[in-house]
Structure formats: structure tokens, C-alpha cells
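Trainee: Letter by letter, the chains look like this.
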Amino acid sequence: MIELIQEFFRQLAADYPRWNFIFFYEERQFDKVAEGLWVTVQLSVFCIFFSVLVGVVGAWMQGSPSRLLRMIVQGYIQFFRNTPPLVQLLFFYFALGQFTPTHSPDGWLEVPIISNVGWAVISLSLFAGAFNVEIFRAGIEAVPESTREASDSLGFTRLQTYGYIVLPLALRICLPSLNNNLVNLVKTTTQAFAIAVPEMLYQSVTIWNDYPSAQNPMMLVLFVVYILLVGVVVMSMNRWERAMKIPGYGT
Amino acid sequence: MPDTAWTPDQPIVSLKDVHKSFGELEVLRGVSIDVMKGEVICIIGPSGSGKSTLIRCINGLNDIQSGSITVEGLEVHDPKLDKLALRRKVGMVFQQYNLFPHKTALENIMMAPLKVLKEPKEEVAARARRLLAKVRLDGKEDSYPGELSGGQQQRVAIARSLAMNPDVMLFDEVTAALDPETVKEVLVTIKELAGDGMTCILVTHEMGFAREIADHIYFTDRGVIVEHGPPATFFKEAKDPRTKEFLSQIL
Ligand SMILES: Nc1ncnc2c1ncn2[C@@H]1O[C@H](COP(=O)(O)OP(=O)(O)O)[C@@H](O)[C@H]1O
Ligand SMILES: [Mg+2]
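Quick note, the sequences are listed as chains D and S, same order.
If you read the first sequence in my numbering, its first letter stands for residue 1, the second for the next number, and so on.
If you read the second sequence in my numbering, its first letter stands for residue 1001, the second for the next number, and so on.
These are computed hints drawn from the structure, not numbers from a lab.
Please note that the accuracy of each hint is not assured.
[Claimed, not checked] Subject to a maximum C-alpha distance of 27 Å in a straight line, what follows is the list of computed DSS-like cross-link-like pairs (lysine-lysine):
1) D/Lys245 x S/Lys1115
2) D/Lys245 x S/Lys1140
3) D/Lys245 x S/Lys1191
4) S/Lys1244 x D/Lys245
A quick note: this is a predicted structure, and the numbers were derived from the prediction, not measured.
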């Protein structure tokens, strides 16, 4: 069966030189695609997790009585929202990367503590996190002050009120905008290409640099992969939204 | 030092010459009220006269500019006050119920004892069920607030406050948002509570109810207490023209 498929694509490449699906019949190229996909999935999962964390913590800090704290969060949002993510990525990797300490796992080579993948996760999480702070804040502001007062008068601390009452309600309100931002984030992970993170786009480009005849097929693969990935994100978010629906509440 | 020295022969709630402004607007202009343990007092007066503000100052939801408020000897507006100690003593029920919409009736009642008082779950659950039965809502344990009528929600809110075992209950126009036919069920619940010896401070527009339940009635207008007395004399022998006018409009 596998041989049949390989034979088919080998023949296709011979008949139509611009449609060389090389990864279907050459194991090394297939491994590259598989690794790229795996790195992209990991990158997306870590960035989603950390950017949501940044959003939750940032939105909490924005409601803090401390003016300094609020100003720091505001400055963070302005910087990461108003500058291009690609420039941020390059800045983190090339500018900040110089100053990070190195270590030597094998005793010979000095490698930086934070790898290019690490910088990609940090940079992209902070980028998407800036939007998440704003998204969560909008959700939090939609929770009525009176609900907070009720929780206050039952003796909940500010943190408890946030964790048990405000956040769960805010999350339900802001899920659609969060959904959008996370979809954007998954797509933005392709920019890690610029600092040689071996993700999907990077691997595809190396393949078509080696085999120009594979360029069209690789582009096709890229589109399909991202449509599927984004589809998974959207579907999980929708399922989550349904699971969190409160009987008799809202629309 | 009034702090630890409170004994039941002293007022459980005591307001002395309380002044409260929102910016330029002076809402309370020297209010003094003493409430003894087990007493039920009703505060009546035209809309905007500062009744809600008054009652919210008692559990520290609003701060005050001058004067003093004590609850069981606790100085409510002492910056060093242990807020939790105050909140355990004072329960509050709001006009708009303010239940947590993402929690069932039972969870609404259980939440504060679990998270704030950190009591064991079985004990809290048993108490919550007892309280639901007390407000005649047995069978509604698993209903969400959105699935309950206004009157039912308000009774859950009362049970939720009672679950903290408060010594004083504050009610701010708790029937004002209800359909006429459900007003009664809430009033019955409050009456039973008062019958059990709970100290109650109520803001209400239900004059018949106030007359029946109150030990003492206070009439406020524009931030001062114009007149007060036990219901028997208050309704018959109101002296101040403002009181007379208000009563003639509402009765
Ligand atoms: N948070 C607030 N900020 C500014 N003004 C307020 C606030 N709360 C109440 N007020 C004003 O204080 C006055 C008294 O309000 P309130 O205590 O709610 O009266 P009542 O409950 O007797 O109707 C009103 O004029 C109201 O507009
Ligand atoms: Mg009011």
C-alpha cells in the first residue's frame, strides 16, 4: 500500500515537474515535515498557555490599587500591541539573546540558556498576551460591580473574588475575542521562521530550497496544515464555550 | 477602647454623627442610630435620601468622612480593621439579589463558608441544605440563578448570607425589584428570621410590613434622620411636615 502511494507520487513528479510531492516518497523529507508540524504544534500550545496566563495576570494587575503596577501593565500593552511581532522576535533573539547567560551541557560548547525556540515562546506569548490582557479586561469590566460587592460583603478577598467569581464570568463574556486572538497567535508562530526555529514554515522552505520542484506542493501543505490547526483551535474553543454555558444566563 | 469590650447590653450596631460625601455631594449629614441585639429597625424615606449609602457604610462597602460606626465594638472605618471579622458579623442582601450566576443555588450558599471560613465540605453542604429548606426552596439545590424567579433568587441570597452565621443582617430594598406576588414570600422569610431573634436593619418601602415587623422606624430625608420611633407612635403621631408628606404619599 505504502509502496503504491510512493510510486504514484514519484510518477506524478516525473510527469508534472512542478508538483513534486517529495516528502511522500523520500523519508528524510517526510521527517522534516513531521518535525516541522510537531514544533509548530508545541510552539502553539506553549504560546497559547503562556499568553492566556499573561492575560489573566495582567488583567488582574490592571485592577490593582497600585498606580505603578497599572502603569507598568499599560506600558507593556502599548509596546507589544503597537510594534510588529516580527520585529519583537528579532529584538528578543538578537538583542536580548546577547546578554543571556550561557551554560555548557557537554563541557565543550557554550550554549545560551534560552534557545531560539525559547525566545520564540517568550516573544510570541508576550505579543499575544498584550492583546489577551485587553480582552480579559473588557470581560472583567462587563461583570457587574454589584456582583463583586456581593462577593466582597461575603468576606472574599480581592484575589478570591477575582478567581472564583469575576474571572469565570469574564471568561464566558470574552471567549469569542479570545478565540480570535488565539487563532492569530497560531498563525503568527510562522514568524519564528526568522530566528530559525524549525517549525512548519521553516522546514517547508528548507525543502523547497533543496528541491525547487517541491515548492508548490509545500505551499499546499502549509495551507492545509494551518487550516487544520486553526480548525482544531476553533473547534476546541467552541466546545469549551458550550461546556461553560450557564443554564438561564445571558442569551 | 471599645474594640474587644462589646457586651450584649451595648448597641450591636452604633452610628454616631456619620458624615458621607460623594465628591461635592453630601449624602449623609450627621446620622446617629443605635441598634440593640435582636432588634429590627426599618429605615424609610424618599428615593435619593441616602438610605442605601447608610446601610452600605455599615458593612464597609462605602467609606465615611467623619463620625463613627461600630459593629459589636469593631470600628468599621478603622484602616486597621480586620475586614473579614466584620464580614463574618454582618450579612447583606441587595435589591438585585446579586447571586453568582455561574453557580447553582446550593453552590452559591456553600461558597463563602468553604472558601472564606474554610469549613469542612460535608458540614457546609448540610447547613446549606438546611438553609435552603428554611427559605422554602428545597428541591432547587441544583438550579442556576437564571432558572429561578426573582423571589426565589432573593431567598437564595438571604440563605447565602445566613450561611456565614452573621449576627446582623442588612436588607436594602430587597423586594423592590420583585413582582407583587413574589414580594410576600420574601417578606415571610425575613419575618421568620426576625422572629428567630436576628438583628435586622432594613431599608424598605413596604409600610405595612415595616409597621408589623419593626421595633423602631427611622425616617430619613436628604441625609438626616428627620424622625424616628416605634411603629405604633411613628405612623400615628408623625410631627415633622416632611414625614407627614412622605407618609401621605406612600400609604
Ligand atoms: N457611588 C456613588 N457615587 C456618587 N454618588 C452616589 C453614589 N451612590 C449614591 N450616590 C448619590 O447619593 C445619593 C443617595 O443615594 P442612595 O443612598 O442610593 O439613596 P436611596 O437609597 O435613599 O435612594 C443620591 O443622590 C445618589 O445619586
Ligand atoms: Mg437605595
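Trainee: Please go over all the hints and tell whether each is borne out by the structure.
Mentor: Against the structure, the hints come out as follows:
Restraint check: the Cα-Cα separation between lysine 245 of chain D and lysine 1115 of chain S comes to about 24 Å, which is no more than 27 Å; the hinted pair holds. Between the alpha carbons of lysine 245 of chain D and lysine 1140 of chain S the distance comes to roughly 19 Å, so the proposed pair stays at or under 27 Å and holds. Of the supplied pair hints, the one linking lysine 245 of chain D and lysine 1191 of chain S is violated, its CA atoms being roughly 36 Å apart against a limit of 27 Å. For the proposed pair lysine 1244 of chain S and lysine 245 of chain D, the alpha carbon gap of about 51 Å is over 27 Å, so the pair is violated.
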